[in-house]
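Participant: The task is simple: from the sequences and hints, build the whole structure.
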Amino acid sequence: MSTGELLSIEPQELQFPFELRKQISCSLNLSNKTDNYVAFKVKTTNPKKYCVRPNTGVLLPRSTCNVIVIMQAQKEAPPDMQCKDKFLLQSVVASPGATAKDITSEMFNKESEHHVEECKLRVIYVAAPRPPSPVREGSEEGLSPRASVSDNGSLNAAESVSGTRLEQHKHQDNSDDVTSLSRSVIRTFSSGIEILWASAKSLIFKLTEEKNSAIQQNNRLQQELDLLRREAKRGNGGIPFMYVILVGLVGLVGIILGYILKTT
Numbered sequence: 001m002s003t004g005e006l007l008s009i010e011p012q013e014l015q016f017p018f019e020l021r022k023q024i025s026c027s028l029n030l031s032n033k034t035d036n037y038v039a040f041k042v043k044t045t046n047p048k049k050y051c052v053r054p055n056t057g058v059l060l061p062r063s064t065c066n067v068i069v070i071m072q073a074q075k076e077a078p079p080d081m082q083c084k085d086k087f088l089l090q091s092v093v094a095s096p097g098a099t100a101k102d103i104t105s106e107m108f109n110k111e112s113e114h115h116v117e118e119c120k121l122r123v124i125y126v127a128a129p130r131p132p133s134p135v136r137e138g139s140e141e142g143l144s145p146r147a148s149v150s151d152n153g154s155l156n157a158a159e160s161v162s163g164t165r166l167e168q169h170k171h172q173d174n175s176d177d178v179t180s181l182s183r184s185v186i187r188t189f190s191s192g193i194e195i196l197w198a199s200a201k202s203l204i205f206k207l208t209e210e211k212n213s214a215i216q217q218n219n220r221l222q223q224e225l226d227l228l229r230r231e232a233k234r235g236n237g238g239i240p241f242m243y244v245i246l247v248g249l250v251g252l253v254g255i256i257l258g259y260i261l262k263t264t
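Note that my numbering gives residue 129 to position 129 of the sequence shown, counting from 1, and the numbers run on in steps of one.
Calculated from the structure, these hints are not laboratory results.
C-beta atoms are modelled at their ideal positions from N, C-alpha and C, and glycine is treated no differently.
Be careful, since some hints might not be right.
What the hints assert, rightly or not - Here are the simulated DSS-like cross-link-like pairs (lysine-lysine), alpha carbons at most 27 angstroms apart as the crow flies:
| no. | residue 1 | residue 2 |
| --- | --- | --- |
| 1 | 75 | 86 |
| 2 | 22 | 120 |
| 3 | 22 | 101 |
| 4 | 201 | 211 |
| 5 | 75 | 48 |
| 6 | 86 | 43 |
| 7 | 110 | 201 |
| 8 | 120 | 84 |
| 9 | 110 | 22 |
| 10 | 33 | 120 |
Said to hold, decoys possible - Using C-beta positions, here's what the derived DEER-type ranges look like:
| no. | residue 1 | residue 2 | range |
| --- | --- | --- | --- |
| 11 | 234 | 257 | 26 to 36 angstroms |
| 12 | 201 | 232 | 42 to 52 angstroms |
| 13 | 79 | 182 | 56 to 66 angstroms |
| 14 | 228 | 263 | 50 to 60 angstroms |
| 15 | 25 | 112 | 25 to 35 angstroms |
Facilitator: This is the structure:
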């Protein structure tokens, strides 16, 4: 921890667990030790490589602030994991009630009458933490957790159990996929049947209406034919020309009706 007159800064070194092609971050904890408003500014020798949030700000009296430093993803590892990048944190007493918008570069000018405190921070690369190794469970299947590897290099008992579990999970996933596919096929088949049934009902209804209309038309013609027959008998006994036409029409309607009845 660095202790100046204005701020306490922790830690003094920016430690990044270095990993290739991965963005890494670390944090600084700033504490205002005074009863004044304190403005701060963070600068680095390599601004394209790092992003600081916030890089400027104002700490209220006796308050704290967290500063996040983000290192962009690196494509190559540095030689011997050494880094020459450095940071500079400057702090100065600000006017009461000041905010980040009131901060100017002139405030941190050493040649001005302001008392500027500076703290240099260096960057250190550390090894990235390794993921914890899986706990070997030897109690299952009656196996000991310390089952040794045989002379020919075969897997130990714990690894065999893990492999069995993995195969079980794969089998379960395959079963779930088959079940999902079956349900999808059933839904598609049901939808197709519903569409066909609706089309069939519509066709049956249409044919029934046509059949009823033909029957009604035939009945009307039959009634008119009977009426003409009765009128012909009352006359001179000759067969009128209109009567012959109506008989032909009745025959034609009968043929059409018979065709419709056969198709239904």
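Participant: All the hints need checking, so say for each whether the structure fits it.
Facilitator: The hints, checked one at a time:
no.	hint	verdict
1	75 <-> 86	holds (20 angstroms)
2	22 <-> 120	holds (26 angstroms)
3	22 <-> 101	violated (33 angstroms)
4	201 <-> 211	holds (15 angstroms)
5	75 <-> 48	holds (14 angstroms)
6	86 <-> 43	holds (9 angstroms)
7	110 <-> 201	violated (93 angstroms)
8	120 <-> 84	holds (13 angstroms)
9	110 <-> 22	violated (37 angstroms)
10	33 <-> 120	holds (19 angstroms)
11	234 <-> 257: 26 to 36 angstroms	holds (30 angstroms)
12	201 <-> 232: 42 to 52 angstroms	holds (47 angstroms)
13	79 <-> 182: 56 to 66 angstroms	holds (59 angstroms)
14	228 <-> 263: 50 to 60 angstroms	violated (31 angstroms)
15	25 <-> 112: 25 to 35 angstroms	holds (33 angstroms)
Of the numbered hints given earlier, the model fails hints 3, 7, 9, 14; all others are met.
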